[in-house]
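Q: Put together the whole structure using the sequences plus the hints.
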Amino acid sequence: IWTFSAIKIFRFKYIKIIEIIESFIFIAIFATIIIKSSTYMSQYKFLFLFIIITSTIELGMKCGMTIALVSSVIILAIDLVYAPVINGINMYFQNDLIIAGVFILTAWPLGYYVKIENENLKEKESQLKILNGKLSNQYKQRKYIEDMLLKNEECYNLLIQNSKDSILVHRKDKLIFANESALRLLGYNNQKDLTGKSISDFTSFLDKDEIREKFKND
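Our numbering numbers the first residue of the sequence shown as 1 and each following residue consecutively.
No lab work stands behind these hints, which were simulated from the structure alone. All clues stand as given, with none of them false.
Pairwise CB distance ranges, derived in the manner of DEER restraints: (1) GLN127 / TYR82: 52 to 58 Å; (2) TYR82 / LEU49: 20 to 26 Å; (3) VAL85 / TYR112: 34 to 40 Å; (4) GLU125 / ILE35: 41 to 47 Å; (5) GLU19 / TYR144: 43 to 49 Å.
List of simulated lysine-lysine pairs, DSBU-like, C-alpha gap at most 30 Å: (6) LYS122 / LYS62; (7) LYS143 / LYS174; (8) LYS174 / LYS197; (9) LYS129 / LYS140; (10) LYS124 / LYS16; (11) LYS174 / LYS164; (12) LYS174 / LYS192.
For every residue, glycine included, the Cβ atom is placed at its ideal position computed from N, Cα and C.
A: Given below as structure tokens:
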């Protein structure tokens, strides 16, 4: 509820700080449970694995290892202060050394895996940005050529408008220009009447799908 309120209601921007504070709150709660229970049994101490795993996945290896070390120190400190000593031996402390090792061995490989996944994700995002840039450049170049042909009056008159060949310019299957020969061929007197029409409007019903597929591939 506290995390939800901080993010959704109070619009707190630093989500990582919230997650770190939340992790230490859980550590304090679990430590209190162990101290109040006065049993010092291993089952309660494994609750710290929940915090170690979630913090490692959410915040990465560095934070996960920190939580693991803090949890280990707290457990061992509780054993030294509160656990009974039998015949000069603190059995709880010796057993919890193994648990501390489990904490660290859980955080390290999991954090390493999260690190690799984050790097792969960043690489994919970088590749997508490069691809989007290339596609954007190609679109800009194509649009520039189209605009240049339409705006360059000399090129327009010599190469396009006065050409005996029918010339059509389209963008995404929509006609944006037709020279005089194309207008006569299609039976139009005004270019405005032709602009915006689909190329498939001038093909037979049987050839429409084939024409659309060809333009998609181009």
